[in-house]
Structures are given as structure tokens and as C-alpha cells.
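Here's the letter readout for the chains.
Number of protein chains: 2
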Amino acid sequence: MTAPELPDTAADLLRRLQARGAVRDFRPDPVPEAWLDALLAAGQRAPTSSNLQACSVIVVRDAQLREQLATLASNQRHVVDCPVFLVFCADLSRVALACEAQGAAMDDTLELGLVASIDAALVAMTLAAAAETMGLASVFIGALRNHPGDVARLLGLPQRAFAAFGLCLGWPRTPPVPKPRLPRAAFVHEDRYDSSASEAALADYDRQLALHYRARGKETTDDSWSRTTGRKFSVGRRRALRAELAALGLKME
Amino acid sequence: MTAPELPDTAADLLRRLQARGAVRDFRPDPVPEAWLDALLAAGQRAPTSSNLQACSVIVVRDAQLREQLATLASNQRHVVDCPVFLVFCADLSRVALACEAQGAAMDDTLELGLVASIDAALVAMTLAAAAETMGLASVFIGALRNHPGDVARLLGLPQRAFAAFGLCLGWPRTPPVPKPRLPRAAFVHEDRYDSSASEAALADYDRQLALHYRARGKETTDDSWSRTTGRKFSVGRRRALRAELAALGLKME
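Protein sequence lines correspond, in order, to chains X and S.
The first sequence begins at 1 in the working numbering and counts up one residue at a time.
The second sequence begins at 254 in the working numbering and counts up one residue at a time.
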């Protein structure tokens, strides 16, 4: 059976999503304010668990603030240079207010911490997907989690909120070259998770990614996903996060 | 200055995102397999922190499995009745394998738990946004986190993975009526978070949401966001999550 033809918008969006990749080098041209407004409005319509809307967005325009955030985020220059820099906060401060209005304290659970982080991601991805259809490109800045306390102070966040990640947005200087993804067998499963394919999939992926880097003249000893990942995540990366978030009122117990 | 006109795809996507809302009542018509394949492929292209790709998706077709998952998820019948039911796993099992290949154990941090949960949300939102452009509707099922251990056993998840949420997908029987969102002043901030507007924004929103429910004949004592939220999240909802995830190999320390 042939599937019905896709609507134009769907076909175009799918094509753009397939071609997308992280962009860190932007043309200086500004993003029209009306377009940014439309993107923020679309982001606010993202689905949200229990209608909590546990995300707030900060549009960072101040040059000095951008410099300070870039420094905290492993000196990523695109945080300063991109036309639009947004910070997505996992924000439970309004939930806390609602609880206080009931004469109670917000129950500071891991559940709520995850809900707020997922809400932030849903808002950001809605916005980033819509941006792709405008011809804009983006890169997520997870390194804002290097120093959540300092970032919260710089941005004047209320208690019960933290900067989950940033997003640089603008016109790409050159189109991104999408990185290969894991073999589909590792990503999609039917009814039950099939672990048996995982090791072969990773070996296959290591080869594919090495070819990708080689084709781009980026041959390094770090070209294997398994090696890079294994080294990076067995050594206690951002171990202070838990304590720093607790100090911001998010113990996530 | 007038902003340049939006590309057609952008205008159409923004319109659809503004009109979207959770849909729980689907027509029985199937989603073409080729469309589902395209959605899963688009989801796999979502941005991912450090290229970790810490998300796996399970397409649940088995009727008995659907029944069992629906029961665990507060008896939500649409988990059984929807044409497509997907489970998005925050999946660090491949990262753990990569660490083991380096002769080390994965450092089980809150950071990695958040990365995986955010990755799952980025994949799901990419897929859900693309689905809207096909005329499909969806609802996220956070209640899979009611009993993460049972869900993991039913789906045969490996250690270091949990079902972050599900997604019901299909053709809406009737178009959703989008719920009002918080006043923009509470959601978007410029340079620094402005807490001063929060209480007024919540009072305003409580009125708006009450009007929305009244217009839909849903006048209840629960029509206030502040009251509902304050009651629901000061009483220890999903308190077992932390211990249950730890048992699945995700201590998130």
C-alpha cells in the first residue's frame, strides 16, 4: 500500500530537520524582532506536564552579560557573537508560589525537577524547529550547567529556578553538515527494547562517525564515539550540579 | 521597520503550533507506516548534548502491552486506543557500555540524568511538531513515571534507562481547544528575570483559565491554576521516583 502524499509543510519541515545540525558560526545580520516574537509565542504553546508551564525564557541582549555567560560556558564565543541568545530556565518558582498560597511548601522532588527540565526542552525544541523553517540555525548551550549558581545570580533567577541550557540563534554562515546518527536498530525498538544489537550498533557507529570526521579533515584520536564518550563520562563531569541546584532551592529528592 | 514576510512553511507551522493542544480522542484510522518512519527519522535528528543520543524510542503495538502500560499510567484509555503509542526512554545504557569499554564505570550524576531526560524531550518534541504538520495530534503521557520499575520490566529496558514519558499519536476526532498560557510577562524576560510581575501574572492567569473552563462548560472548584497546582504539588507526588530510578541504575548523584 502506498502512503498518501505528505502535505507540503510536512515534506519541507522533514527535509529541513534531516539537514539540520548545530551551527556555531552566524552571519551578523539580525533576526527580525517580529520573527523572534513569533518564535517565543510558538515556544510558549509547547506541551507542558499538568499545565505547569515550568519554563521561563530570558532573551539576553546586554553585551556584558553575554560575555559573562560565555566565560561561564567554557568560553564559547558564539554565545557573544550570535544575533539572538536565549536562556531556557527550568522554573518551579511559580509552582512554589502556588503552593505557598495554599499555605504549604512545594514538595521538592526529582519528579518536579525532571518535569521542569523536560518542559524547558519542549519549549526550546518547538522554538528551534520553527526557527529552521525560517532558514535560521541554532546550537544548544548545555555548558550553562557548568556553574548554575553563578548563572542564576547573573540572570537574577528566583529560588526554585535554574538555567537548563542556552540557545544561540541566527543565520548560518555556511550550512551545517549533519553528523551521522546511531544505527536505527539502536534507536527504535518494537514493543520491547532489544539490547542484543547495542554492541554491534556502537561498533558500526564508531566506524561511520570516523568516516564522517575524516571526510571533513577532522581526523583525530577522538573520532570514535565510544572512546570519546567513555572517557568523558567516567570521570565525574559536572559532579557539583546536584549540590549547586540544591542551593538554588531544587534539592530534587 | 517591517519584518520580511515569513516563508510559507514557517507561517503554516507557526499557525499549527498556535492551534495545537493535547488530544486524547483519536479516530481509529491508522497512521501510514511511511509517515511514522519519517517521524522517527526526524526525531532521531534532534539536537543532542555532546552527541550522546541518550534517547531510545519504543513503538508499542502489542495490545496486551498497551493495556498493561495504560493501567500503570493512571488508566488512561487513550494509551490503548490511539493508533500510535511511543515510549521515549532516557537511555544511558549506551554511554555505560562506552565507559565499560574504557575499563571504567559510568559516573552516575544528576547531570547525566538531566541530559538524557532533555534528549528524550528534544526527540519527542521534534517528532510531535512534525506530526502537527501532517495533521496528526498528540498527547504526552508523563504518568509512565508513576511506576518506572514496572514500566522498565514490561518494556525490557536495560539498566541505566527509564521511560521518561509516552506519546499518543493519531488523527484528532475533533480539533483541540488550546488552553490559555501564562501572561507573556511571566514567560519571557529581557536580560534579567523580573520576579516582580509573577504574583500579578498568576492572579491574571487564574482568571483567564477560569473563563476558558467556564466557556467549555467545565466550571469546577479546580478551575484556578494556583489552587490546582498548589494542592497537587505540595503533597509529595511521585516521591518514589528517586528510589525507583536508582534501582534502575540511575542514582543521579
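Everything labelled a hint here was simulated from the structure, so no lab data went into it.
C-beta atoms are modelled at their ideal positions from N, C-alpha and C, and glycine is treated no differently.
A portion of the hints provided could be inaccurate.
Covered by chain S, according to a simulated footprint, are these stretches of chain X (three or more residues, beta-carbon under 8 Å) [said to hold, decoys possible]:
1) 6-20
2) 23-30
3) 67-81
4) 169-182
Out of the numbered hints, which ones does the structure contradict? 2 and 3
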